[in-house]
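All chains should be modelled from the sequences, with the hints used to inform the complete structure.
Going down the list, the sequences are from chains V and L. Using the numbering used here, the letters of the first sequence correspond one by one to residues 97 to 696. Using the numbering used here, the letters of the second sequence correspond one by one to residues 97 to 696.
Each hint should be verified, as a subset may be incorrect.
For chains that are exact copies, the list does not tell them apart, and a pair is met inside one copy or across any two.
Stated by the list, open to error - Once the Cα atoms are required to be at most 30 Å apart in a straight line, the calculated DSS-like pairs of lysine-lysine come out as:
{"no.": "1", "residue 1": "Lys-623", "residue 2": "Lys-640"}
{"no.": "2", "residue 1": "Lys-640", "residue 2": "Lys-550"}
{"no.": "3", "residue 1": "Lys-623", "residue 2": "Lys-172"}
{"no.": "4", "residue 1": "Lys-172", "residue 2": "Lys-640"}
{"no.": "5", "residue 1": "Lys-295", "residue 2": "Lys-307"}
{"no.": "6", "residue 1": "Lys-668", "residue 2": "Lys-640"}
{"no.": "7", "residue 1": "Lys-550", "residue 2": "Lys-642"}
{"no.": "8", "residue 1": "Lys-172", "residue 2": "Lys-616"}
Derived from the structure by calculation, the hints contain no laboratory data. Being a predicted model, the structure only gives us computed values, none of them experimental.
2 protein chains.
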Amino acid sequence: MGTPFVFLFPLIMDFWSKHYIPTLKESPAEAEIESHKLLLRAGLVRKIGSGIYAFLPLGAKALENVADICREEMAKAGALELLMPAVVPAEYWQAGPRWNAAREIMYQVNSAGENAELPDEPQFVLGPTHEEIVTPLIGSEASSYRDMGKTFFQVQTKFRNEIRPRYGLMRAREFVMKDGYSFDATDEDATATYQRMAKAYEAFFSRCGLKFISVEADTGVMGGAFSHEFMVPAEVGDDDVVYCLESGYAANVEKATSALVPDDLADAKPVGELERFATPGVATIAALGEAPYGIGAEEQFKTLLYMGDERLFAIVLRGCDDLEEAKLGALGYQVTRPATPEEIAPVMGAKPGSLGVVKGTIADPTKLDGVFADHATRLVGNGVTGANEDGFHLRNVNLSRDLAVTRFGDFRKVQAGEPCPRSSKPLEIQRAIEVGHIFKLGVKYSENEEYGAKFVDADGNRQPAVMGCYGIGISRTLQSIIEQGHDGNGIVWPWAVAPYQLIITVLDPGMEEADGLARKLAELAEKEGVSVLVDDRAERPGVKFKDADLIGIPLRLTIGGRGLKNGEIEMKWRAESEMSKVPVAEAEAALLQAIRSQAG
Amino acid sequence: MGTPFVFLFPLIMDFWSKHYIPTLKESPAEAEIESHKLLLRAGLVRKIGSGIYAFLPLGAKALENVADICREEMAKAGALELLMPAVVPAEYWQAGPRWNAAREIMYQVNSAGENAELPDEPQFVLGPTHEEIVTPLIGSEASSYRDMGKTFFQVQTKFRNEIRPRYGLMRAREFVMKDGYSFDATDEDATATYQRMAKAYEAFFSRCGLKFISVEADTGVMGGAFSHEFMVPAEVGDDDVVYCLESGYAANVEKATSALVPDDLADAKPVGELERFATPGVATIAALGEAPYGIGAEEQFKTLLYMGDERLFAIVLRGCDDLEEAKLGALGYQVTRPATPEEIAPVMGAKPGSLGVVKGTIADPTKLDGVFADHATRLVGNGVTGANEDGFHLRNVNLSRDLAVTRFGDFRKVQAGEPCPRSSKPLEIQRAIEVGHIFKLGVKYSENEEYGAKFVDADGNRQPAVMGCYGIGISRTLQSIIEQGHDGNGIVWPWAVAPYQLIITVLDPGMEEADGLARKLAELAEKEGVSVLVDDRAERPGVKFKDADLIGIPLRLTIGGRGLKNGEIEMKWRAESEMSKVPVAEAEAALLQAIRSQAG
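Structure (structure tokens):
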């Protein structure tokens, strides 16, 4: 038995017996979600360390297919492929605007010599994105307006110091990204480039067979004018997408707004004098809602203290609202984090639980860098807040009269059911996986003199290039395709991404008629550009069918002695449950028709 | 002027005006060798840091072409592509046989958080090669003899803590490698796999248009049974290849031997009593050769002290010979280095310059781990050596009678003109660049129980897989192609590697007839699978010709108004000096013929 085809077929065809496809019957304990289980069970990847994976041959093939589709769409959009280094001298990042914000997610790289002394600052970092490199690389040489209007991209292994890697390739420490960067002469050109890239992204995700939504997104530490994320709806996602089917509005919850607070809402008039009252042991919004107080969360002002670049500031929300931390980015600090009780007490005069920003109650108001109130606090108008004295609160607090607000802004997390900002219909929320993200950066990086990314415009003036950046998680897209495309038996690959598109399952390898027909059909398919795997193993039919389903090859032909006796073979689509019998005489025509049905 | 083609052509064609090809007139000071200068001048790469480069679009294209040729040859040889992580948990290496020897050339990777404490041992390393990963990855699952007979490879960015990066991509800190690994059930199968890979290597380098030689090589820190290097002759190479045209013998000087010492050479008889004599101030072989001593280097025993895994040992050579440090690998130490004078003096009783291993003269012989004498010391027979007392030497030293030799071996560096070990003709030596290296590893890694790379053979016995490993420096191959293929005007790419194979230089862009013909010919070439760059820039013809020569596109068509008036265009091969005129009516036929002449 063994491998009867080796002598019949040219080596270019792939045989299961010569391949390495270690399928697993059981799902390894490390996998929590279906796509992660299937990556392991179908022999696509293996774990090397926490958040670090090796792609086995089938996985590497599928990954390369995704990358190649991406390359094609980038080329169609006029982008040029380049390859920047993964190990980057730290000074490039140190010269840029986000070293402090980003350094915790980057790995530092140093010499590993036994006696090497470790420097205080890293020599190199493994950059998770390359604005800090591409800006001086291109910007320093592209010095005329004629050099503008270029978009570059690379497909590269990237690294992120992920504290809690999860879900296989979804949140890994090492992953494959497509990252792109554009340089334009004018804001208008940059917007046109951004829109062209958005279209290329839509084409890419569509060709990958993904259902996705494009949403407005927060620009985060990347900065810039605006951005969109490409989201694959999935319960295992890390993000919440807020959307309205009526208006087409869609935004990451980090960015989403609602029409909850009417624009024309009048300021609430005071309802009485400020009144201090004892609330022994009460340190939560919920506790104040209970007897004997009975003050609803929507009647409370909630005060949260944060550090922005190591300066204390306060956020005021309705008691019933949650802070959306991403929205703190609008305040302009590079790094924000919750303040500790030890940092809060000397400034406010109390510990969390009794905090408030009523004028005159703050122990040392000069140490407070600002008080930022969410728009929805205007819905409270008059309410209750902490007295900055443990065990005491204040009532009849009037927003305009009493609170030391520096300015209002949008800081709360939108909730399902709130009115859409466009249609006023109730918003819906869906968990999703971010697979792509595009940013209109503007001049954030190019205005940095150290990067030299200025060009001379047609009038002879030095201008910073108007930039955009464009990311796709290639390995994450691969797993998202599995998360969306599987059933109880295994993966169901879309045609364009499948590691092999056609599997020919030979039930009686060694039988001349079966082998010959398999060869003829495999050759025919390969001439049409279809990748073919021939299952020539000496295994029981049940094992072969189970494995073919598990690894998810879109089209299967089954050739066996019993069928050939009746003059027929079987054809089955992985995505369909029925199998069809095809007379041997019509096998070639049927195969061609099947292949061509996928060409679109 | 500008870009008249944009509206005529489909976007898939590449136009210089839309491209990013920053050619340089002057060679940057950082470049020492021609290929490095041309990489920079032709706009293929830019330096990001010492030994760290970015590939610009033309460079990325050529690099990908080399990688793709390599992938094809690997697939033809039956190897399966996978992708292992670049960031590797350090414990994989720590479990293996060469952590101490290799850690100095590896970068260590740690979390870069501002407050992160650096561990004494690195969390991760950036592996320059992946035996430590692939052995457990494949070995732990491939558990039956039926799973053996597989070869895997990856094309991956690799990292090496290169102290003195040089020559651009030749000795870089970040580079692209193809690394492959084979697992076989028997030694015989492993040798057959090794030979198949050697053939694939020859096919690969031939398709890259390189003149190369395959030589016997030292197995170094990699270990294993035997190995071959693939060498590109070049004066800027790091290696010396010893070869004999007569016999076909070729070996890296690190490994090369000669027939200098006859096998049947009789031991020299003593010529007299040992005699101690004063040599004040004499501390070199050369000084002892001068008056008043006049003792030729070939009459002296030279004694060198080394540390092997921190134990002192001595090497004895003829005074006229040089040590080949790579040959110390045969002594079985993991790490060797020259001993310091401070380490030598207490054991030997003297500083370098007066050392010897004559019995009874060594201050503390118990501290000496061994004395290893080169075979050629037998040609000295009786000679002079240091007395282990500063300013004194010994004469009438008889090799057999007086020297405390533990064992003899091959430690000297072969020199040009010595007799070939096969033909006895004079050997020649040539500088060369190592572009590929294959090793028959045997069971060095698979016998390690921690890696679990044992399989059950047909008789039910657990056996370690017999392994091989196979490396190609993809980025180094790219630069070697330029080092071998250039002239005074720029690069001369071989057809298969060229970033574009055909350049159509349009001298009068915007002129309808010229644009139309350029489009027709470009489409014709692309249909034949040829990659085409159209130079549509509004530049003077001289600038366009100079740039085309500099970036080295193999075939150029020139279309201009003046030529078209005479009904002709120009065709020129980059590698040839003559240009030929082609009637417009015959242009398509001539282009097809030119393209097809390159197909082989």
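Each hint, compared with the structure:
Within a single copy, Lys-623 and Lys-640 get their C-alpha atoms as close as 25 Å, which meets the 30 Å cut-off; across copies the closest is 40 Å, which misses it. Taking the shortest alpha-carbon separations for Lys-640 and Lys-550, only the inter-copy value of 26 Å comes in at or below 30 Å, while the best intra-copy value is 61 Å. Taking the closest pair of Cα atoms, Lys-623 and Lys-172 come within 30 Å of each other both inside a single copy (25 Å) and across two copies (17 Å). Taking the shortest Cα distances, Lys-172 and Lys-640 sit within 30 Å of each other only across copies (26 Å), while inside one copy they are farther apart (40 Å).
For a Cα distance limit of 30 Å, the shortest separation of Lys-295 from Lys-307 inside one copy, 15 Å, qualifies, whereas the shortest one across copies, 46 Å, does not. When the C-alpha separation of Lys-668 and Lys-640 is checked against a cutoff of 30 Å, the pair qualifies only within one copy, where the shortest distance is 14 Å, while the shortest distance between copies is 56 Å. Proximity of Lys-550 and Lys-642 under a CA criterion of 30 Å is satisfied inter-copy only: 28 Å between copies versus 59 Å inside one chain copy. In this homomeric assembly, Lys-172 and Lys-616 come within 30 Å of each other (Cα to Cα) only across copies, at 20 Å, whereas the closest approach inside a single copy is 35 Å.
The structure agrees with every numbered hint stated previously.
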